[in-house]
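With the hints as constraints, model all of the structure from the sequences given.
Chains as they are written, first to last, in numbering that gives the first Met the number 0: chain A, 0 to 406; chain B, 0 to 406.
Since the hints were derived computationally from the structure, they do not count as laboratory data.
Where hints are given, some of them may not hold.
Since the list gives no way to pick out one identical chain from another, each pair is judged satisfied if it fits inside one copy or across any two copies.
With a cut-off of at most 25 Å between alpha-carbon atoms, the simulated BS3-like pairs for lysine-lysine come out as follows [said to hold, decoys possible]:
hint : residue 1 : residue 2
1    : Lys336    : Lys49
2    : Lys65     : Lys100
3    : Lys278    : Lys399
4    : Lys100    : Lys399
5    : Lys49     : Lys289
6    : Lys366    : Lys141
2 protein chains.
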Amino acid sequence: MRFTNGGVCAPQGFKASGMHVGVKSRDLSKKDVGLIVSDVDCTTAAVYTKNVVKSAHIHVDIEHLKDNKARAVIVNSGNANACAPNDIVNAQRMCDAVAAKLGCESEDVLVASTGVIGQELRIERIEENVGELVDMLTHDDKGSDGAACAIMTTDTVKKEYAIETVIGGQMIIIGGIAKGSGMIHPNMGTMLCFITTDCAVSHEMLNDALHEAVNVSFNRVSVDGDMSTNDTCLIMANGEADNACITAKGEDYDEFVAALTRLCTRLAIDIASDGEGAKHLITCQVRNAKTESEAETISKSVISSTLTKAAIFGCDANWGRVVCAMGYSGVDFDVNKVNVTFSSGAGSIAVCQNGHGLEFDEDLAKKILTEHDITIDVDMADGEAECTCWGCDITYDYIKINGDYRT
Amino acid sequence: MRFTNGGVCAPQGFKASGMHVGVKSRDLSKKDVGLIVSDVDCTTAAVYTKNVVKSAHIHVDIEHLKDNKARAVIVNSGNANACAPNDIVNAQRMCDAVAAKLGCESEDVLVASTGVIGQELRIERIEENVGELVDMLTHDDKGSDGAACAIMTTDTVKKEYAIETVIGGQMIIIGGIAKGSGMIHPNMGTMLCFITTDCAVSHEMLNDALHEAVNVSFNRVSVDGDMSTNDTCLIMANGEADNACITAKGEDYDEFVAALTRLCTRLAIDIASDGEGAKHLITCQVRNAKTESEAETISKSVISSTLTKAAIFGCDANWGRVVCAMGYSGVDFDVNKVNVTFSSGAGSIAVCQNGHGLEFDEDLAKKILTEHDITIDVDMADGEAECTCWGCDITYDYIKINGDYRT
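Shown next, in the form of structure tokens:
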């Protein structure tokens with residue numbers, strides 16, 4: 000198993016493209032519509048936001064995935080198409096436009112949107128340009144790059160990976176692109192993610208694998224505690240790798256889940272690291288907990304704590320914020336067993352032992368916390384389970400970005 | 000029923016004081032220890048944080064309130080005395096010092112702390128100065144002011160009210176002081192609050208009344224979603240008003256709860272308005288909901304949403320953030336019935352009708368949102384229940400304050 004290039008175009012039989020049509024802004028350098036197409040029908044699974052207010056694209060995708068099959072997905076950024084005039088109609092029109100050009104059924108096209116809530120989508124701009132978008136489709140790095148860039152909103156870097164492994168004697172590849180920077184909270188990390196694979200896998204196994212992978216990757220990331228209306232993670236499997244189709248749990252399934260999980264985890268960490276305005280990636284590893292579930296709850300509470308995030312922004316070793324966030328997580332534990340250590344590339348420093356503050360070198364702590372990647376290690380000394388979650392600090396820029404998001 | 004002056008010294012038989020002893024800083028102008036004393040024993044009730052990590056003072060208070068009686072409460076700011084070396088011993092020593100000087104049992108003295116977690120309390124500074132603190136006790140505005148100022152941390156204004164009403168033919172007074180600015184989340188609004196009353200009331204009724212009042216006041220405020228380790232709200236009733244003791248539910252109890260609720264609500268709104276770095280008080284009233292509980296859950300979700308808070312900071316009528324926060328609140332509702340209106344002293348503007356965006360005058364919206372007090376009105380059009388919660392915006396100053404809280 001190893002990472003490779005090519006993103007969503009790395010698996011056989013997938014093409015992608017991205018372009019500027021003017022949904023988002025007049026800045027021609029900003030792509031705002033992306034397309035991913037498989038040469039053949041794909042077994043497809045999806046995970047959506049649990050927000051009861053859902054973007055129109057989710058309602059349309061649920062309809063279109065009743066047969067668990069898809070050929071293509073079109074996505075726009077700049078407009079969430081949620082709570083917007085004609086939102087359902089416009090989501091459907093995006094699918095119709097792609098289907099007409101590809102010569103497939105509209106039900107075989109999926110759709111996703113991300114951006115401002117409540118404003119009418121400029122559907123004509125998409126319809127006018129779908130022909131060119133389809134003509135631009137390529138099965139190479141450039142195609143995946145186009146789609147990866149087209150889904151970015153406040154993201155500062157594109158998120159794109161591919162991973163290859165051997166299943167049933169055949170090399171299979173999984174590729175993925177994701178966007179997500181603000182409105183991120185575990186359940187699932189507010190974002191769009193599109194995954195392609197040439198692995199042959201039944202819908203049931205694909206669906207199980209996606210849920211397993213999302214639960215330990217995107218669902219362990221928080222930027223700001225706000226769960227969006229548009230979260231969508233799609234995986235399309237076209238079977239072009241010619242492996243014996245995975246139809247049951249076993250060695251092949253496990254390998255597929257392992258590869259998918261590694262891919263999703265990389266994308267998830269990129270999302271946390273590129274959190275709106277973030278200066279630090281915060282990794283919180285909770286060890287020696289009673290159960291993995293308790294470790295996860297505690298870790299999520301720490302990375303979601305506004306006060307902890309502000310302390311990390313200030314490079315301040317204020318571990319009291321960490322212990323406080325653990326305390327209101329809902330998990331019952333003995334604080335007198337808890338040990339907390341901050342670490343980064345610049346070193347490691349123990350700040351709390353058995354629930355009480357240690358004397359520590361403030362200069363060294365500051366040096367450690369000045370690095371970009373910070374790890375908060377929490378040792379519960381109360382079991383053998385562990386869990387790691389990812390977040391980022393809260394900065395002036397986060398507030399600047401979100402104080403003026405619509406303009 | 001009307002508000003009056005004097006804070007915790009307004010009820011008969013209560014004295015208070017506050018002074019600088021050097022727990023918090025060397026700035027002599029900053030009081031950091033306060034004391035409230037009743038002439039006679041008080042029936043006393045308390046509500047504490049639900050954080051499993053609790054300040055030592057809470058453990059000591061639980062012990063001292065086993066008989067539901069207290070004479071005095073001493074409080075320091077600048078050090079939370081939580082997860083700190085010798086925390087329990089030092090909380091106990093604060094009580095011992097007051098008891099020795101007052102000539103009462105240590106068990107009749109309560110204690111509270113607020114400030115940085117994990118650092119050892121400078122207990123000697125408190126012990127050395129308790130004599131002077133007791134000598135300074137006065138039954139007037141100055142006494143209450145001293146105590147109210149002594150509990151402030153990042154608060155920019157003191158929170159102090161008194162309310163009087165007639166119960167059983169006798170004028171009774173309830174006075175209260177509170178602190179709270181950061182680490183505020185409903186459950187209960189992270190804070191300290193000390194309430195005095197000369198009303199005669201049994202412990203059972205006092206306890207019920209306190210819970211009723213806290214649930215609809217402090218538990219409806221959020222500044223940053225972080226629930227502290229130190230939250231404490233104490234009420235001491237010395238019976239000096241000579242009313243027939245309230246020992247059961249009925250007219251007198253209802254009047255007492257009404258007055259107590261008005262007092263707590265004023266203090267709670269002050270806490271939200273003085274949220275760390277806040278430029279806006281946000282009032283979210285959810286109307287026409289199926290149940291009060293659902294209205295409360297939705298309202299709390301809106302005032303706790305970081306993205307909504309950032310939008311209000313930017314005076315941006317981004318109602319999509321409001322609908323999104325409603326959607327992840329956990330309440331199931333039909334977004335197609337929801338109407339949202341922003342209002343302030345500068346006017347009112349409808350921005351969302353039946354779950355979809357309205358065209359609106361952006362200049363007027365900006366003018367409305369530039370005011371300090373902003374109301375977000377959410378009409379669920381799905382019932383007759385309502386609930387109002389209070390919060391504040393998130394600002395650069397919040398991050399500045401909390402990026403460097405310990406120094």
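Now for the hints, and whether the structure bears them out:
Proximity of Lys336 and Lys49 under a CA criterion of 25 Å is satisfied inter-copy only: 19 Å between copies versus 35 Å inside one chain copy. Taking identical chains as interchangeable, the C-alpha atoms of Lys65 and Lys100 lie at most 25 Å apart only when both belong to the same chain, with a minimum of 23 Å there against 77 Å between chains. Taking the shortest alpha-carbon separations for Lys278 and Lys399, both the intra-copy value of 14 Å and the inter-copy value of 14 Å come in at or below 25 Å. In this assembly of identical chains, the alpha carbons of Lys100 and Lys399 never lie at most 25 Å apart, being 41 Å within a copy and 53 Å across copies at closest.
Proximity of Lys49 to Lys289 under the C-alpha cut-off of 25 Å is restricted to the inter-copy arrangement: shortest distance 21 Å between copies versus 28 Å within a copy. Proximity of Lys366 and Lys141 under a CA criterion of 25 Å is satisfied in neither setting, with 40 Å inside one chain copy and 46 Å between copies.
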